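Protein chains: 2
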Amino acid sequence: MLRTHTCGELTLSDLNKEVTLTGWVQKSRDLGGMTFIDVRDRYGITQLTFNSDDNAELRAQARELGREYVIKVTGKVIERSSKNLKMPTGEVEIKVSKLEILNSAKLPPFMIEDETDGGDDLRMKYRYLDLRRNPVRNNLVLRHKMAQEVRKYLDGMDFIEVETPVLIKSTPEGARDFVVPSRMNPGEFYALPQSPQTFKQLLMVSGFDRYFQIVKCFRDEDLRADRQPEFTQIDCEMSFIEQEDILNVFEGLIRQLFKNVKGIDLAGVPRMLYSDAMRLYGSDKPDTRFAMQFVELKNTTLPETKAPLLWRGGGEAIFPVFDTAELVIGINAKGCAEYTRKQLDELTDFIKRPQIGATGLIYCRHNTDGTLKSSVDKFYTEEDLKKWSAAFNSEPGDLMLIMAGSADKVRKQLSELRLEMGNRLGLRDKNKFSPLWVLDFPLLEWDEESQRYHAMHHPFTSPKPEDIALLDTNPGDVRANAYDMVINGTEIGGGSIRIHDRALQALMFKHLGFSTEEAQKQFGFLMDAFEFGAPPHGGIAFGFDRLVSIFAGLDSIRDVIAFPKNNSGRDVMIDSPSTIAEEQMKELKIRTTN
Amino acid sequence: MLRTHTCGELTLSDLNKEVTLTGWVQKSRDLGGMTFIDVRDRYGITQLTFNSDDNAELRAQARELGREYVIKVTGKVIERSSKNLKMPTGEVEIKVSKLEILNSAKLPPFMIEDETDGGDDLRMKYRYLDLRRNPVRNNLVLRHKMAQEVRKYLDGMDFIEVETPVLIKSTPEGARDFVVPSRMNPGEFYALPQSPQTFKQLLMVSGFDRYFQIVKCFRDEDLRADRQPEFTQIDCEMSFIEQEDILNVFEGLIRQLFKNVKGIDLAGVPRMLYSDAMRLYGSDKPDTRFAMQFVELKNTTLPETKAPLLWRGGGEAIFPVFDTAELVIGINAKGCAEYTRKQLDELTDFIKRPQIGATGLIYCRHNTDGTLKSSVDKFYTEEDLKKWSAAFNSEPGDLMLIMAGSADKVRKQLSELRLEMGNRLGLRDKNKFSPLWVLDFPLLEWDEESQRYHAMHHPFTSPKPEDIALLDTNPGDVRANAYDMVINGTEIGGGSIRIHDRALQALMFKHLGFSTEEAQKQFGFLMDAFEFGAPPHGGIAFGFDRLVSIFAGLDSIRDVIAFPKNNSGRDVMIDSPSTIAEEQMKELKIRTTN
Chain A
1226 MLRTHTCGEL TLSDLNKEVT LTGWVQKSRD LGGMTFIDVR DRYGITQLTF NSDDNAELRA
1286 QARELGREYV IKVTGKVIER SSKNLKMPTG EVEIKVSKLE ILNSAKLPPF MIEDETDGGD
1346 DLRMKYRYLD LRRNPVRNNL VLRHKMAQEV RKYLDGMDFI EVETPVLIKS TPEGARDFVV
1406 PSRMNPGEFY ALPQSPQTFK QLLMVSGFDR YFQIVKCFRD EDLRADRQPE FTQIDCEMSF
1466 IEQEDILNVF EGLIRQLFKN VKGIDLAGVP RMLYSDAMRL YGSDKPDTRF AMQFVELKNT
1526 TLPETKAPLL WRGGGEAIFP VFDTAELVIG INAKGCAEYT RKQLDELTDF IKRPQIGATG
1586 LIYCRHNTDG TLKSSVDKFY TEEDLKKWSA AFNSEPGDLM LIMAGSADKV RKQLSELRLE
1646 MGNRLGLRDK NKFSPLWVLD FPLLEWDEES QRYHAMHHPF TSPKPEDIAL LDTNPGDVRA
1706 NAYDMVINGT EIGGGSIRIH DRALQALMFK HLGFSTEEAQ KQFGFLMDAF EFGAPPHGGI
1766 AFGFDRLVSI FAGLDSIRDV IAFPKNNSGR DVMIDSPSTI AEEQMKELKI RTTN
Chain B
1226 MLRTHTCGEL TLSDLNKEVT LTGWVQKSRD LGGMTFIDVR DRYGITQLTF NSDDNAELRA
1286 QARELGREYV IKVTGKVIER SSKNLKMPTG EVEIKVSKLE ILNSAKLPPF MIEDETDGGD
1346 DLRMKYRYLD LRRNPVRNNL VLRHKMAQEV RKYLDGMDFI EVETPVLIKS TPEGARDFVV
1406 PSRMNPGEFY ALPQSPQTFK QLLMVSGFDR YFQIVKCFRD EDLRADRQPE FTQIDCEMSF
1466 IEQEDILNVF EGLIRQLFKN VKGIDLAGVP RMLYSDAMRL YGSDKPDTRF AMQFVELKNT
1526 TLPETKAPLL WRGGGEAIFP VFDTAELVIG INAKGCAEYT RKQLDELTDF IKRPQIGATG
1586 LIYCRHNTDG TLKSSVDKFY TEEDLKKWSA AFNSEPGDLM LIMAGSADKV RKQLSELRLE
1646 MGNRLGLRDK NKFSPLWVLD FPLLEWDEES QRYHAMHHPF TSPKPEDIAL LDTNPGDVRA
1706 NAYDMVINGT EIGGGSIRIH DRALQALMFK HLGFSTEEAQ KQFGFLMDAF EFGAPPHGGI
1766 AFGFDRLVSI FAGLDSIRDV IAFPKNNSGR DVMIDSPSTI AEEQMKELKI RTTN
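Line by line, the protein sequences are chains A and B.
Each residue of the first sequence is one higher than the one before, counting from 1226 in this note's numbering.
Each residue of the second sequence is one higher than the one before, counting from 1226 in this note's numbering.
The following block holds chain A by itself, in its conformation from the complex (with noise of 0.2 Å):
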C-alpha cells in the first residue's frame, strides 16, 4: 500500500506515529509562516501543515499544490492547537517531513464540495468529479450496505440468488424491449429482460423454493422525470406458500433495512385494500405519513343505501356542478381556515394544471368562531354548511376542500391536492418511514387505447379463486392475489401469487386478447413447464433504486446510480448511444434507416 492509514482515521491516541497518508488536496491555506492542507479520500480527511521554520522548501512545494491534486505525504501526527470536534480527525494533524506529488490536477469544472456550484448537466458529465462530493459518495455507500443486508436477510431465509439470462426473448406484452441483434442468428434478435419474470417462475418448477436476485433490468421507454433505460430489481419468488407468506417475509426484509441500515425500529407494515386506498387517498400507493383522508359527500356510484348524498335544503337542483357529479368529495385541511384569497387561488391553479386537469375547488371554511363559510355560500344553507362540517369532522380553524366530477377523475385529482397540502402542512417528513401493503389488486383494467383489457400487474398473475367466475361477465371487477408495497406514497414493490396451472394461464391470455398461436409462441415454454409438475408459487419484485433514494431521502433515483443516463437516454460522460462502424452493421445483417 502506498499508504500505512486512511484520512479518516487517525486521533489522538496515534499522537507521534510516523505515517503515510495518500489523498486529494480539498483546500490549503497560508497562515505566516506555514500551510495548512486538509487532504481528503474515501475516509476522511485529515490537516497536514507545513513550516518554513522546519523546512522552507518543503513549504514551498506545498504552496504549489492545487486543488484535487493526488498527494503522498509522510510525517507524523500531532496534537492540534485549534481543534476541530465535528471531525473525527479534528484533534490532531500531520506534521509533514515528505510530500510526493502522485498525479497533478487540472482546476475541476465545479466545486467538490457537499454544495457544489456546477450544475446538472455539467455534473452528468464530469461524473467521475461528481462522484467525489461526500453526499453523492455516501448515496452509493448506502446503497452497498442495503445490498449487502438484502442478501444477509435472504440468504438467512434460504434464499439462493440465481443469476437469469440478460440475453431473452422479446415478447410484445408489457413495455418496450430493448433488443439485440444475433450475428451468428441472422435476422434475429434478444431482448433485454424487462424482469426475469418468466425466468424466476421456472425456477420455481425446477423446484429452487426460495429464489432470489438483485439485477438489471430494462424497459425502452419515452423517459419521464425518473425513470431510467436500466434499474435495479430485487427480484424475489417462493413455492408452497400462500400471500400471507410472502407478506411476512418481505415485511420482515424491510424492517431488517430500516432496523440495520437506519436504526429504525418500524412496528410492522400496516395493510389497505385496494379499493380502500383508491376510496380514502384516491391512489393506490397512498403517502400515509399523514392522515387527510378524503370524505364522499355525494357518491352515485354506490347502491342508494349505501350512497352519501349532497345534504340540502331543497330538492330541486340548485349547484349544477354539484348536482350534475357523480362524485362529491374533499379533504380536510388541518388549521388552514385563515387561508388568504391568494393562497386559495393558487390550490385552484395547482388542480387546474394541465397534468392534473381539474375545472375548479369549492371551499368551506370552518373559522375558529365556530361559523362555517364556503365559496359557494349562495346555493347552500348553513344548515347544509354543518352538515358538511359534520361529514368532515372539522373543528374551528380547518378548510374543506372540495371537489366534483367524474369518480375515477375527480380521486386522482383530489389525490395530487392531498399531497399538495401535505407539502404546504409540512406533513411528508423525508426522516419519517410510512410503510403500507396494498392489497387486492383487480386483476385486468381496461385500456382505452386498444380497447381491450391488459393484465394491471402482468399476465401471469393469479385471479382471486372466488373471483375466476367474473372473467366473463366482469372482468374488470375479479380480484387478483396481488400486492404493492408502498412507502411515503410511491410503490417500492410489487408481486403476486402466479398461476401455476396451463389452463388457467391459457384462460388468462385468451382474456388479454392473445390468440392460442401467439400464446404458446410467446410462453410456450411456459405453459409448457406447468404440465410437468408445477408448485403453487408467488413473489415480488422490489425497484431497488427507487428504495435506496427512499432511504436516502432524495426525490430522484439518479442520484443513487453511479453513472445515470438523463432524459433522452444517454450517457454525456461517455457520449453513448453512439454510431457503429458500417462493419459491424454488416456483419449483423442490419441497417438503419433513419
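Calculated from the structure, these hints are not laboratory results.
It is possible that part of the hints are untrue.
When chains are identical, the list treats them as one kind, so a pair holds in a single copy or across two.
Below, simulated BS3-like cross-link-like pairs (lysine-lysine); rule was C-alpha separation at most 30 Å, straight line [as the list claims (entries may be wrong)]:
id, residue 1, residue 2
1, K1484, K1377
2, K1441, K1370
3, K1611, K1634
4, K1735, K1811
5, K1331, K1689
6, K1689, K1323
7, K1487, K1370
8, K1634, K1510
9, K1689, K1297
10, K1350, K1746
11, K1487, K1377
12, K1746, K1441
13, K1814, K1441
14, K1350, K1814
15, K1814, K1746
16, K1370, K1484
17, K1350, K1735
18, K1523, K1634
19, K1531, K1603
20, K1746, K1331
21, K1735, K1331
22, K1523, K1559
Remember, predicted model here, so these are calculated numbers, not experimental data.
Using the hints, position chain B against chain A.
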C-alpha cells in the same frame, strides 16, 4: 406456508409429530398392502407410507400418483422399520392421513435422477426439469454460496459494490460487442459491456478507493466449446496500491473461498514469472498439480553461453530434425518406460492432430535395467542418451518424450502433450487444487493478421516503468504490471496495475495504432478524467462461472449457469433469439438485410 416442515429436516427427534410436507413424487413402490412414496423438495427426501389396512381409499389414491406429481401430505412422523442411514431423514417416515394433489405432471422426457438418461439437447430444451436434478441444483447452490462469500470477504475489506451501466458505448478494441439500437437516438447504438473496465477506473478517479462488482459481461464471439455470450465476472479495483497489494488481497479471497466453501486450507498461492511459465510449461496457465517441467536439450534463441546444447558425438549434422530446430525440448514421463508401441503411437497421433499440429515425437526409454533406448538410436550414441538422461533427471522406468521445432510452436505442442500425460498418469485430480500467480506478462503481442501489436491484457495496462524505453525499440519485450491467477491449468482471473497518467495512456494508444482522434473519440472521457487527479490504481477480474466450475469439479461452465446458451448462442428452451415485429424495427429505425 403450505407445509410445516421441508422434506429434508425430519429426524427421530420429531417422532409422533403431526406434520405437513409438500414436494414432488420422486418414486413410488408397492409392498403387500402398503405403498411407499418418496417425496422430494430442495431440502431432501422423506418417505411416506400409505397402508390399506388403515385407509384403503387413501392408499388407492396414493397408488395413482405419477412421478413428479406435486403433492401436499399430512401425517404422523414414525420410526422406520428398515432404516436408511445414508440420508438425514432415513430413520423416519410419515404415516399419511391426508393427501392433496397440488398439481399433476406429465411424464418427464428424461429421468429426474442424479444420473439421467437425457441427452444434452433434451436437457437444455427442458432445462427447468434438468435443474430439478440434484447435481445441477447443487452447482447453483454452490454458486450462490461462493457469491455470498466473495461479497462477505470484499465487504469486510472495505470494498464497495457499485453497479456500472449495461448500456454503454461500442469500442472497436477487443472482442466484438453486442449492440443495442437506441430508439430515442435513431441511428445510434449502445453496446453491452465486455467488462466494466473504464467505469471501475473512473470510480478510482472518483475516490471510491476499493470497488467490486459481481457483474454480467458480454462478448459476441464465435462460441468455442465452453464459452458463453454472457458470463459473470468478479470485478475489482483498488487505489493507492502496488501489485503486491493486489496479489495479497486476492490471494486472501481465494484462500477464504476454499476454506469457507470447500473446507480446504490452501497453504498460499505460489508465484511464477510469465517467462518461466512459458519456458517450463509452454503455457501462461500451467497446471501445477503436477511437475513434469520442460527440459531443453537445445535452445538457439538464447545467447550461446546460456543455451543448452544437444549432446552428441560428432560436430557434423546427423539428425536433421534436431539439427535444424530452434528448440529441442521434452518432458520426463515417470514410470512410462514400458509404454507399448501402440501407446507411443497414440501419443504421436495425439500431437499430430490438426489442433496441435506437431510433426513428430521422439522418445527415449530409461529401461528398468538402466539402459537407454531411443527412437533415434541410429543418430545418437549411448553416450549422447546418457547426457539426455542427466538433463531430464530420468530414472530407470521413465520415458523421455522429446519434440523439436520453432520455439513458440513446439512449447505449445509439448504443453498439450504434458497435459495429456498428466491425464494418463492420473495427475490431474479434480479434488486437488493448485492455484498460481503468473506475473510480468508482456504488455503487447504481435498480431499476424492485422500486422500490428495488440494489448495482451487491455490498453489500460501499465508497462513496467523500467521497460517504457523499450516501447520504441522492442515493443514485444516490454513487460506489463499484469498478473493472472491460474488454478489447475485454467486462468480464473487476471488484472494489472493501470495507467493513471494521460500522457502515458496516449502513448499506449499510439503504439496500439490509434490515431489521436480515434483515441479521443473512444476513450477521451477516461483520458480527460486522468487530468483531474487520478490516483495510482489497479485491479483484477475473476471469471466467476469458471471459478465455480473448478470448485464444482466440472469441465464445463455450462452446468454452473442456470439457463445457458448453446454453441450457436441460442437458448433452446425459450427459443431465443427470435424474429421481432416489423413495427418494432420501424420504431428502432433499423432493417435486417439478410
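Here is how each hint holds up against the structure:
1. K1484 - K1377: both (13 Å within a copy, 20 Å between copies)
2. K1441 - K1370: Both: 18 Å inside a chain and 21 Å across chains, each within 30 Å.
3. K1611 - K1634: Intra 27 Å, inter 99 Å, cutoff 30 Å: intra-copy only.
4. K1735 - K1811: Between copies only: 28 Å across, 40 Å inside.
5. K1331 - K1689: between (63 Å within a copy, 26 Å between copies)
6. K1689 - K1323: between (73 Å within a copy, 25 Å between copies)
7. K1487 - K1370: both (10 Å within a copy, 27 Å between copies)
8. K1634 - K1510: within (16 Å within a copy, 68 Å between copies)
9. K1689 - K1297: For K1689 and K1297, only the inter-copy Cα distance (21 Å) is at most 30 Å; the intra-copy one is 66 Å.
10. K1350 - K1746: Only across copies: K1350 and K1746 sit 15 Å apart there, 44 Å inside one copy, limit 30 Å.
11. K1487 - K1377: Answer is both: 16 Å inside a copy and 20 Å across each meet the 30 Å cutoff.
12. K1746 - K1441: Classified as both: same-chain Cα gap 26 Å, cross-chain 28 Å, threshold 30 Å.
13. K1814 - K1441: Close inside one copy (28 Å) and across copies (25 Å); limit 30 Å.
14. K1350 - K1814: Intra 33 Å, inter 27 Å, cutoff 30 Å: inter-copy only.
15. K1814 - K1746: Both ways: K1814 and K1746 sit 24 Å apart in one copy and 25 Å across, limit 30 Å.
16. K1370 - K1484: This pair counts as both: shortest intra-copy Cα distance 12 Å, inter-copy 25 Å.
17. K1350 - K1735: Classified as between; 26 Å across copies, 48 Å inside a copy.
18. K1523 - K1634: within (15 Å within a copy, 90 Å between copies)
19. K1531 - K1603: within (28 Å within a copy, 113 Å between copies)
20. K1746 - K1331: between (58 Å within a copy, 20 Å between copies)
21. K1735 - K1331: between (63 Å within a copy, 23 Å between copies)
22. K1523 - K1559: Within one copy, since 22 Å is at most 30 Å while 97 Å is not.
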